[in-house]
Amino acid sequence: MRIFYRSETVIAAVLLLAMILIGLVNPAFWQLDNLFGLVRSNVVIGIMALGVLMVLISGGIDVSFPAFAVAAMYLTIRAMVALGYEGVLLPFVMATLIGLALGAVNAVFVHYVRVIPLIVTLGTGAMVRGFLLGMVGASQINIDRMPKPLITFARSELVGIQNGDGTHYGLTAMVVLYGALALAVHLVLRHTLVGRSIYALGGDREAARRVGFDLRWTTFFVYGAAGALAGFAGLLHSGMIWLANPRDFAGLELDVIAAVVLGGASIFGGRGSVLGTLFGVFMLVMVNNSLIIMKIDTTWQRVAVGAIVIIATATTAWRDRKRRI
Amino acid sequence: MSDILIELRNIEKRFAGVRALDGVSLAIRRGQIHCLAGENGSGKSTIIKIMSGVYGPDAGEIVVDGVPVARLDPITAIRHGIEVIYQDFSLFGNLTVAENLALGHELREKRRLVDWRAVHALARRAIDRLGVDIDIEADLETLPTSGKQLVAIARALMSDPRLLIMDEPTTALTRREVETLFHVVREIQRQGIAVLFVSHKMREMLEISEWLTVIRNGCKVAEGETGGFDEASITRHMTGQDIAGEPYCWRPATDDRPPRLEVRGLVLPGGAGGNDLRLEAGEIVGLAGLLGSGRTELALALFGMAPGHGGQVLIDGVPARLSSVQEAIARGIAYVPEDRLTEGLFLAQSIERNILAAAYDRVTRGLVLDRTRARALAAETVAAMQIATPSLDKPVGQLSGGNAQRVVIGRWLLTDAKVLVLNGPTVGVDVGSKAEIHRKLRDLAQTRGLAVLMISDDLPELAQNCNRILLMHRGRLVGEVAGGKASEEAVSDMLRQFS
Numbered sequence: 004m005r006i007f008y009r010s011e012t013v014i015a016a017v018l019l020l021a022m023i024l025i026g027l028v029n030p031a032f033w034q035l036d037n038l039f040g041l042v043r044s045n046v047v048i049g050i051m052a053l054g055v056l057m058v059l060i061s062g063g064i065d066v067s068f069p070a071f072a073v074a075a076m077y078l079t080i081r082a083m084v085a086l087g088y089e090g091v092l093l094p095f096v097m098a099t100l101i102g103l104a105l106g107a108v109n110a111v112f113v114h115y116v117r118v119i120p121l122i123v124t125l126g127t128g129a130m131v132r133g134f135l136l137g138m139v140g141a142s143q144i145n146i147d148r149m150p151k152p153l154i155t156f157a158r159s160e161l162v163g164i165q166n167g168d169g170t171h172y173g174l175t176a177m178v179v180l181y182g183a184l185a186l187a188v189h190l191v192l193r194h195t196l197v198g199r200s201i202y203a204l205g206g207d208r209e210a211a212r213r214v215g216f217d218l219r220w221t222t223f224f225v226y227g228a229a230g231a232l233a234g235f236a237g238l239l240h241s242g243m244i245w246l247a248n249p250r251d252f253a254g255l256e257l258d259v260i261a262a263v264v265l266g267g268a269s270i271f272g273g274r275g276s277v278l279g280t281l282f283g284v285f286m287l288v289m290v291n292n293s294l295i296i297m298k299i300d301t302t303w304q305r306v307a308v309g310a311i312v313i314i315a316t317a318t319t320a321w322r323d324r325k326r327r328i
Numbered sequence: 399m400s401d402i403l404i405e406l407r408n409i410e411k412r413f414a415g416v417r418a419l420d421g422v423s424l425a426i427r428r429g430q431i432h433c434l435a436g437e438n439g440s441g442k443s444t445i446i447k448i449m450s451g452v453y454g455p456d457a458g459e460i461v462v463d464g465v466p467v468a469r470l471d472p473i474t475a476i477r478h479g480i481e482v483i484y485q486d487f488s489l490f491g492n493l494t495v496a497e498n499l500a501l502g503h504e505l506r507e508k509r510r511l512v513d514w515r516a517v518h519a520l521a522r523r524a525i526d527r528l529g530v531d532i533d534i535e536a537d538l539e540t541l542p543t544s545g546k547q548l549v550a551i552a553r554a555l556m557s558d559p560r561l562l563i564m565d566e567p568t569t570a571l572t573r574r575e576v577e578t579l580f581h582v583v584r585e586i587q588r589q590g591i592a593v594l595f596v597s598h599k600m601r602e603m604l605e606i607s608e609w610l611t612v613i614r615n616g617c618k619v620a621e622g623e624t625g626g627f628d629e630a631s632i633t634r635h636m637t638g639q640d641i642a643g644e645p646y647c648w649r650p651a652t653d654d655r656p657p658r659l660e661v662r663g664l665v666l667p668g669g670a671g672g673n674d675l676r677l678e679a680g681e682i683v684g685l686a687g688l689l690g691s692g693r694t695e696l697a698l699a700l701f702g703m704a705p706g707h708g709g710q711v712l713i714d715g716v717p718a719r720l721s722s723v724q725e726a727i728a729r730g731i732a733y734v735p736e737d738r739l740t741e742g743l744f745l746a747q748s749i750e751r752n753i754l755a756a757a758y759d760r761v762t763r764g765l766v767l768d769r770t771r772a773r774a775l776a777a778e779t780v781a782a783m784q785i786a787t788p789s790l791d792k793p794v795g796q797l798s799g800g801n802a803q804r805v806v807i808g809r810w811l812l813t814d815a816k817v818l819v820l821n822g823p824t825v826g827v828d829v830g831s832k833a834e835i836h837r838k839l840r841d842l843a844q845t846r847g848l849a850v851l852m853i854s855d856d857l858p859e860l861a862q863n864c865n866r867i868l869l870m871h872r873g874r875l876v877g878e879v880a881g882g883k884a885s886e887e888a889v890s891d892m893l894r895q896f897s
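Residue numbers (the working numbering), protein chains in the order written: chain U, 4 to 328; chain X, 399 to 897.
It should be emphasised that the hints constitute simulated quantities derived from the structure, not laboratory data. We treat Cβ as the ideally placed atom computed from N, Cα and C, and that holds for glycine. Just so you know, not all the hints are guaranteed correct.
Chain U stretches covered by chain X per the calculated footprint, using a threshold of three residues with CB under 8 Å from any CB of chain X [claimed, not checked]: (1) 190–199; (2) 205–215.
Label-pair distances were calculated between CB atoms; the ranges are [what the hints assert, rightly or not]: (3) X:Thr569 with U:Phe271: 18 to 28 Å; (4) U:Ala16 with X:Arg676: 47 to 57 Å; (5) U:Arg219 with X:Glu410: 49 to 59 Å; (6) X:Glu535 with U:Val17: 24 to 34 Å; (7) U:Ala16 with X:Gly690: 27 to 37 Å; (8) X:Ile476 with U:His194: 21 to 31 Å; (9) X:Arg760 with U:Ala320: 31 to 41 Å; (10) U:Ile23 with X:Ile473: 38 to 48 Å; (11) X:Ile473 with U:Arg117: 19 to 29 Å; (12) X:Gly454 with U:Ala16: 20 to 30 Å.
Sample of chain U residues with no beta-carbon within 12 Å of chain X, all distances over it, derived [unchecked claim]: (13) Glu11; (14) Thr12; (15) Val28; (16) Gly40; (17) Val116; (18) Leu136; (19) Leu255; (20) Ile314.
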């Protein structure tokens with residue numbers, strides 16, 4: 004019976020209910036091209052959410068990752084353009100490492116200087132964006148100059164379907180990458196000691212120290228991984244939209260944190276799962292996407308995201324309070 | 399090999415020039431249940447920390463298994479088989495019981511991957527060893543305090559200690575949970591493990607231990623077989639004075655004033671049927687009942703925190719609608735909560751602010767705070783409650799348990815309270831302070847005509863200070879016993895029937 008009380012079950016039920024409702028309002032929701040589109044929109048936000056999930060479980064927060072994602076993406080593509088590099092693997096490694104290094108900077112301040120994570124990541128995020136625009140450049144790299152192999156890679160599909168009227172739609176193969184990363188993060192959180200140390204740290208810092216965890220390593224792991232995943236997702240994003248905009252991802256931190264909290268992670272740390280996060284991301288993307296198909300002005304999306312953050316946080320806070328009693 | 403496991407010889411310890419321990423000697427035998435008694439600040443925790451290697455002594459010798467140990471640090475202490483269970487347990491509420499138990503083991507084995515099957519097997523064995531029934535799959539925070547404590551004990555036993563030090567283990571437990579704990583402690587002893595039981599509750603020490611050491615102001619003042627002590631002698635050693643044990647005597651007023659508090663047909667959650675209750679001015683009425691019997695709910699209903707249970711409340715004969723805390727305070731109800739640290743005090747704030755917290759309307763003129771008057775009122779309260787502090791600006795978090803509790807009670811002197819509801823008035827307060835708080839409460843009841851409702855697990859406390867004791871079970875008031883010495887047995891018999 005325990006399964007009925009799990010956050011994941013509740014979110015899955017809410018998600019299903021929301022899908023049925025949206026489908027009733029607009030039957031086009033259930034069409035395959037819409038569903039494929041939805042999945043596609045999940046990939047980048049979802050990969051970032053995996054990193055944010057780990058940070059939240061550890062009792063921290065990260066609002067700098069969109070800036071890191073942009074920096075990793077833009078630097079890598081500028082380098083590829085400058086060198087005329089034609090590969091795919093190396094650029095992804097580079098973007099990931101840039102994100103990792105920036106994440107490690109967050110960890111230094113969080114662990115050694117003991118600044119609260121919100122302030123640290125607000126600061127590093129602003130600085131990285133500023134440096135990027137001021138020192139690297141503010142010009143957008145459009146499809147004509149974008150490295151071709153990157154676009155080709157990001158266009159690969161698992162399933163491709165030709166409509167009667169000649170239009171084509173398909174399920175992006177990037178979802179495999181997303182799934183693999185999600186599985187990896189799940190395995191780390193659930194089956195490695197460093198993963199359990201993240202939960203322990205978020206549960207009770209002092210007790211975690213006393214039982215013998217190396218909390219420095221945990222902190223670096225968490226913020227480093229959040230940065231690395233953001234860097235990877237940033238580059239993937241530019242490949243999928245065929246351009247590299249150094250001002251991209253503004254305000255995305257709210258969407259991603261909303262998705263993770265919606266997925267049952269506690270804003271106070273110690274709680275959260277990959278499965279819940281996947282559901283949360285899907286829910287958030289679906290709401291945004293449905294507002295579009297229902298022809299509601301996109302400015303209302305921000306209202307929806309804001310409301311989701313508050314409702315989801317209030318619900319999890321209420322749940323956590325109930326447990327404590 | 400001698401049968402002495404660990405011995406402290408003439409240990410001295412100073413902190414910033416203040417002498418915490420002054421030549422204390424103490425020997426613990428293998429498999430012995432040894433009680434270390436002393437008031438707060440007497441040096442008990444310093445002794446624990448020296449035995450577990452957290453502090454090194456300034457002078458004196460530590461002897462383990464007959465061999466002097468040059469330096470005892472936390473790791474060597476554990477290697478010698480000394481484990482400490484601190485009051486805060488150091489457990490993870492967000493993890494399962496099983497994982498809480500197994501984490502330390504996995505870390506010691508330097509594992510990288512979690513073997514969940516091994517985790518569960520290990521946890522199962524640890525819990526079975528205590529002979530208790532705890533769901534190892536449950537999240538730890540869903541367990542009651544007593545359950546968390548058992549998990550902490552189980553975890554300490556996993557490293558096969560030879561001495562288990564328990565720091566004030568019964569503070570947050572009900573009588574029945576204490577019995578379970580004692581059962582476990584005896585089970586541990588049967589396995590050949592010595593237990594050092596640090597406490598200031600006399601009855602518990604007398605019940606569980608074989609040997610007793612009493613310290614006061616950093617000196618050992620008495621030791622011997624527990625059989626040679628009784629409550630009075632322990633108290634005398636702990637406080638250095640005799641604490642008078644006069645039961646509380648209340649004489650009804652001759653005029654026929656309405657009762658201070660009258661409750662008619664109040665229904666509590668989970669209780670079938672209403673409760674009637676009358677408290678006259680100057681009465682101190684005890685409320686006994688097992689945890690979950692509805693006693694706290696009754697207190698919260700009176701204080702306006704759980705309104706809407708039907709029934710009627712009259713204060714001085716005037717009906718009162720207690721649907722919020724503000725209304726309850728305005729009508730003269732005062733509440734001292736169970737957990738003063740989290741519910742009753744602003745720990746980081748000054749004594750003055752804490753005292754004035756419920757009475758700021760008395761010290762404001764228009765919109766402006768009258769600082770001089772505020773200070774004067776706070777100073778008055780500190781004097782009236784005999785709170786030992788050099789300054790009104792000291793944060794309450796730095797006060798001892800007894801003084802902190804006086805701040806909470808003193809706060810209500812400023813609100814013209816008519817009815818004072820106390821939930822566990824002396825939990826975590828040492829014997830000397832406890833007696834003074836009791837004296838203060840009697841004094842308040844008699845001179846100010848306060849009606850006091852005292853909820854407590856400490857039956858001697860109720861017997862001693864109440865003119866009558868009510869019993870609660872499943873949300874109903876089910877019995878009443880007159881106060882005084884004899885009532886303790888009567889109440890405990892009745893409680894046993896319910897459990």
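Hints and how they fare:
no.	hint	verdict
1	190–199	holds (count 7)
2	205–215	holds (count 9)
3	X:Thr569 with U:Phe271: 18 to 28 Å	holds, 26 Å
4	U:Ala16 with X:Arg676: 47 to 57 Å	holds, 51 Å
5	U:Arg219 with X:Glu410: 49 to 59 Å	violated, 37 Å
6	X:Glu535 with U:Val17: 24 to 34 Å	holds, 25 Å
7	U:Ala16 with X:Gly690: 27 to 37 Å	holds, 32 Å
8	X:Ile476 with U:His194: 21 to 31 Å	holds, 28 Å
9	X:Arg760 with U:Ala320: 31 to 41 Å	holds, 35 Å
10	U:Ile23 with X:Ile473: 38 to 48 Å	violated, 59 Å
11	X:Ile473 with U:Arg117: 19 to 29 Å	holds, 26 Å
12	X:Gly454 with U:Ala16: 20 to 30 Å	violated, 58 Å
13	Glu11	holds, 15 Å
14	Thr12	holds, 16 Å
15	Val28	holds, 38 Å
16	Gly40	holds, 37 Å
17	Val116	holds, 22 Å
18	Leu136	holds, 40 Å
19	Leu255	holds, 28 Å
20	Ile314	holds, 22 Å
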